[in-house]
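2 protein chains.
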Amino acid sequence: MNVKDYMLDLGQRARAASRLMAAADTRDKNNALLATAEALERAEASVLVANARDLDSGAQRGLESALLDRLELTPARFSSMVAGLREVAALADPVGAISDLNYRPSGIQVGRMRVPLGVIGIIYESRPNVTAEAASLCIKSGNAAILRGGSEALHSNQAIARCLAEGLGAAGLPEAAVQVVETTDRAAVGELIAMEQYVDVIVPRGGKGLIERISADARVPVIKHLDGVCHVYLDDHADAAKARRIAINAKTQRYGTCNTMETLLLAESRARELLPVLAAEFREHGVELRGCDAARAVVPDMHPATEADWHEEYLGPVLAVRVVAGLDQAIEHINHYSSLHTDAIVTEDYSRARRFLREVDSSSVMVNASTRFADGFEYGLGAEIGISTDKIHARGPVGLEGLTSQKFVVLGDGHIRQ
Amino acid sequence: MNVKDYMLDLGQRARAASRLMAAADTRDKNNALLATAEALERAEASVLVANARDLDSGAQRGLESALLDRLELTPARFSSMVAGLREVAALADPVGAISDLNYRPSGIQVGRMRVPLGVIGIIYESRPNVTAEAASLCIKSGNAAILRGGSEALHSNQAIARCLAEGLGAAGLPEAAVQVVETTDRAAVGELIAMEQYVDVIVPRGGKGLIERISADARVPVIKHLDGVCHVYLDDHADAAKARRIAINAKTQRYGTCNTMETLLLAESRARELLPVLAAEFREHGVELRGCDAARAVVPDMHPATEADWHEEYLGPVLAVRVVAGLDQAIEHINHYSSLHTDAIVTEDYSRARRFLREVDSSSVMVNASTRFADGFEYGLGAEIGISTDKIHARGPVGLEGLTSQKFVVLGDGHIRQ
Numbered sequence: 001m002n003v004k005d006y007m008l009d010l011g012q013r014a015r016a017a018s019r020l021m022a023a024a025d026t027r028d029k030n031n032a033l034l035a036t037a038e039a040l041e042r043a044e045a046s047v048l049v050a051n052a053r054d055l056d057s058g059a060q061r062g063l064e065s066a067l068l069d070r071l072e073l074t075p076a077r078f079s080s081m082v083a084g085l086r087e088v089a090a091l092a093d094p095v096g097a098i099s100d101l102n103y104r105p106s107g108i109q110v111g112r113m114r115v116p117l118g119v120i121g122i123i124y125e126s127r128p129n130v131t132a133e134a135a136s137l138c139i140k141s142g143n144a145a146i147l148r149g150g151s152e153a154l155h156s157n158q159a160i161a162r163c164l165a166e167g168l169g170a171a172g173l174p175e176a177a178v179q180v181v182e183t184t185d186r187a188a189v190g191e192l193i194a195m196e197q198y199v200d201v202i203v204p205r206g207g208k209g210l211i212e213r214i215s216a217d218a219r220v221p222v223i224k225h226l227d228g229v230c231h232v233y234l235d236d237h238a239d240a241a242k243a244r245r246i247a248i249n250a251k252t253q254r255y256g257t258c259n260t261m262e263t264l265l266l267a268e269s270r271a272r273e274l275l276p277v278l279a280a281e282f283r284e285h286g287v288e289l290r291g292c293d294a295a296r297a298v299v300p301d302m303h304p305a306t307e308a309d310w311h312e313e314y315l316g317p318v319l320a321v322r323v324v325a326g327l328d329q330a331i332e333h334i335n336h337y338s339s340l341h342t343d344a345i346v347t348e349d350y351s352r353a354r355r356f357l358r359e360v361d362s363s364s365v366m367v368n369a370s371t372r373f374a375d376g377f378e379y380g381l382g383a384e385i386g387i388s389t390d391k392i393h394a395r396g397p398v399g400l401e402g403l404t405s406q407k408f409v410v411l412g413d414g415h416i417r418q
Numbered sequence: 001m002n003v004k005d006y007m008l009d010l011g012q013r014a015r016a017a018s019r020l021m022a023a024a025d026t027r028d029k030n031n032a033l034l035a036t037a038e039a040l041e042r043a044e045a046s047v048l049v050a051n052a053r054d055l056d057s058g059a060q061r062g063l064e065s066a067l068l069d070r071l072e073l074t075p076a077r078f079s080s081m082v083a084g085l086r087e088v089a090a091l092a093d094p095v096g097a098i099s100d101l102n103y104r105p106s107g108i109q110v111g112r113m114r115v116p117l118g119v120i121g122i123i124y125e126s127r128p129n130v131t132a133e134a135a136s137l138c139i140k141s142g143n144a145a146i147l148r149g150g151s152e153a154l155h156s157n158q159a160i161a162r163c164l165a166e167g168l169g170a171a172g173l174p175e176a177a178v179q180v181v182e183t184t185d186r187a188a189v190g191e192l193i194a195m196e197q198y199v200d201v202i203v204p205r206g207g208k209g210l211i212e213r214i215s216a217d218a219r220v221p222v223i224k225h226l227d228g229v230c231h232v233y234l235d236d237h238a239d240a241a242k243a244r245r246i247a248i249n250a251k252t253q254r255y256g257t258c259n260t261m262e263t264l265l266l267a268e269s270r271a272r273e274l275l276p277v278l279a280a281e282f283r284e285h286g287v288e289l290r291g292c293d294a295a296r297a298v299v300p301d302m303h304p305a306t307e308a309d310w311h312e313e314y315l316g317p318v319l320a321v322r323v324v325a326g327l328d329q330a331i332e333h334i335n336h337y338s339s340l341h342t343d344a345i346v347t348e349d350y351s352r353a354r355r356f357l358r359e360v361d362s363s364s365v366m367v368n369a370s371t372r373f374a375d376g377f378e379y380g381l382g383a384e385i386g387i388s389t390d391k392i393h394a395r396g397p398v399g400l401e402g403l404t405s406q407k408f409v410v411l412g413d414g415h416i417r418q
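As they're listed, the protein sequences go chains A and B. If you read the first sequence in the numbering used here, its first letter stands for residue 1, the second for the next number, and so on. If you read the second sequence in the numbering used here, its first letter stands for residue 1, the second for the next number, and so on.
It is worth saying that the hints were derived from the structure and are not from the lab. Please note: incorrect hints may appear among the correct ones.
It does not matter which identical chain is meant; a pair holds if it fits inside one copy or across any two.
[Unchecked claim] Straight-line alpha carbon distances no greater than 20 Å define the calculated EDC-like cross-link-like pairs of lysine to aspartate or glutamate that follow:
hint, residue 1, residue 2
1, K208, E196
2, K224, E196
3, K4, D25
4, K242, D413
5, K242, D9
6, K224, E313
7, K224, E273
8, K224, D9
9, K208, D236
10, K208, E288
11, K224, E312
12, K208, D375
13, K242, E284
Just chain A, same shape as in the assembly (with noise of 0.2 Å):
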């Protein structure tokens, strides 16, 4: 069989699957999903053994190191991918709620009613983790998956995905709900991304550069995640300390995240008071500075800022910063160069917060805490299967509701349109 067909199967066969799993009662999908960590927990050796048949042959093609580590099922890391498929079990269902259910003038009662999306086409590279995590997702959003995991994880991936069908099965669900993509053909990607009539929307998991390359090519819709530049802004009115606690958490809590910040604004009015001290503090951490003419006149050992660093995404112990007038530039600054992701400002003057959650047009705006916070658990959406820089569908992290929409309900006891 050709890669086409081959994958014109699979949405077929997804397809199929996704009504009954839209149908599905929340017990079968929860029990689906506890029966899978069984699965794994009685399989654990087998997966773990297909993980270091990856790892071998990926360090025979002589993969570099950062790619092995996330390659790598290390027992933790296996113990929390199956406690995050009773985590996911443990979540509300969002399917089939009904919403706004009211009485029209005519008579009739018109509400929303959330279903699922049907075939999701999740698209990552070397984490086999992510198989477990984003078919628990669209199990219990009542979706169909077909996963296309990177070719370096190929065996680690399919052991994971016999636990799902066979949890599937033990719970009376389609095993075609799940689907792992066994062709390592590059060709698969662009047969997936394309199969209009299969598949609803494509999550793509991974760098800048895979997404990109999907976004460009897909006809399916794509919710899409690209860079996180990140801002932080104190303002005029910052309160000191929550200003320092803040810029310091949201860069160096963790460098590598989309959420961290990568560029400091600074009012004017406070440049001189607060950048000797965060510049000290960053320092310590090791985190190299690259200011503004302005930034640079109050701490002169900054390297100097080029046009290029304000859309960087460093992922590593570098920040931008750059002193503005105020609110106005501050504001400006940020639409202008951030990627929509999440920036914050931190100040005790009611209007001027008020002002910035209106007008920076980002996916999460946040007055007062950090940018650090922009995430599926801490939102409370108990998961997430990405997050947003996208405006429509989904903005900012997406949980089980982004993997659904809303269709209209409308009840009448014999009504007609006059």
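Given the coordinates of chain A, assemble chain B onto it according to the supplied hints.
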């Protein structure tokens, strides 16, 4: 200036205007709509002259009469266009509404704020009143609009756009919040749907051909409204009088609308009782019936239906009729042939109604009500910019809320991530 530069220039202005519109007060947006209504009333004569010019040159170019009819701004249509602006001004402003603002265990408050999408591109044909209608919805929802009407309506659209600019100016809002594409070069559409950096969503309003072409080529997300192949299923437990009322209304109240029934499904157990009565009544209305073999066994003078009939949106006095074994086959038929628009069941059986609502995968699902109710006004949305047959972002009638999305807001008091 070539078309590409011209469109990029429009896009850049729209993006800048959209920032101001997103922050605009409800009062200013309403004032703009009311001032536009007044400007149109003052300019009625000159708008109708511009329309007459379009009609003349359309007639000379040999446009078909249906198109000329849609192009014509009669005094009645003009008044209803002006009234529409005042109705949109009276609607609640969705922008800035914060919902679900709750405390999290970390101490931060997390909620969602409704925000404009940004820049909406509207592509439509002939009817110049769409210019005012679409612009008013974009203004009220805090977006900027780029309107690309048909070349046959250019003078009418420009005359209406001048009143919109006057209204926006009078309210202190940027005139570039509504821009009409003034070139008739077809390449303009290609540029509009590709300017991802300046346009956030495209709403095409027109025939299936137009929408398919745009969807195939767009780089910007499209809120699609393809066809309306709507079904009414008369269940074993249908009340006979309701079945008759609803089937006749769903087909004959208006033939050319997308929420008109195109296929009637009947439970086998009720065919001998209901079909002859319905057939006689449809015949009186001049509706041609095309039936499956089982239907023709009951009413022999129906035309035989072919496979193509189950897919067909007739938009006229023709109806496909199929006898099905019962609810399962009805749902199967609908999920296979429906265009995900609107489908209804007529039944007195509670469990069947519940299953139909859950298992039929259409943007509107109805019990004991005519499909003709699928409409933004009937649903209480106040107005609609289209009816989405897509699954992500918005399904069914799209009102002001469909032109917005939700971002996360986080309120803290110096909170940092542990």
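Status of the hints after comparison with the structure:
{"no.": "1", "hint": "K208 / E196", "verdict": "between (23 Å within a copy, 17 Å between copies)"}
{"no.": "2", "hint": "K224 / E196", "verdict": "both (17 Å within a copy, 13 Å between copies)"}
{"no.": "3", "hint": "K4 / D25", "verdict": "neither (33 Å within a copy, 52 Å between copies)"}
{"no.": "4", "hint": "K242 / D413", "verdict": "between (59 Å within a copy, 8 Å between copies)"}
{"no.": "5", "hint": "K242 / D9", "verdict": "neither (56 Å within a copy, 43 Å between copies)"}
{"no.": "6", "hint": "K224 / E313", "verdict": "within (16 Å within a copy, 34 Å between copies)"}
{"no.": "7", "hint": "K224 / E273", "verdict": "neither (40 Å within a copy, 54 Å between copies)"}
{"no.": "8", "hint": "K224 / D9", "verdict": "neither (26 Å within a copy, 26 Å between copies)"}
{"no.": "9", "hint": "K208 / D236", "verdict": "neither (35 Å within a copy, 55 Å between copies)"}
{"no.": "10", "hint": "K208 / E288", "verdict": "neither (23 Å within a copy, 56 Å between copies)"}
{"no.": "11", "hint": "K224 / E312", "verdict": "within (18 Å within a copy, 35 Å between copies)"}
{"no.": "12", "hint": "K208 / D375", "verdict": "within (18 Å within a copy, 40 Å between copies)"}
{"no.": "13", "hint": "K242 / E284", "verdict": "within (19 Å within a copy, 77 Å between copies)"}
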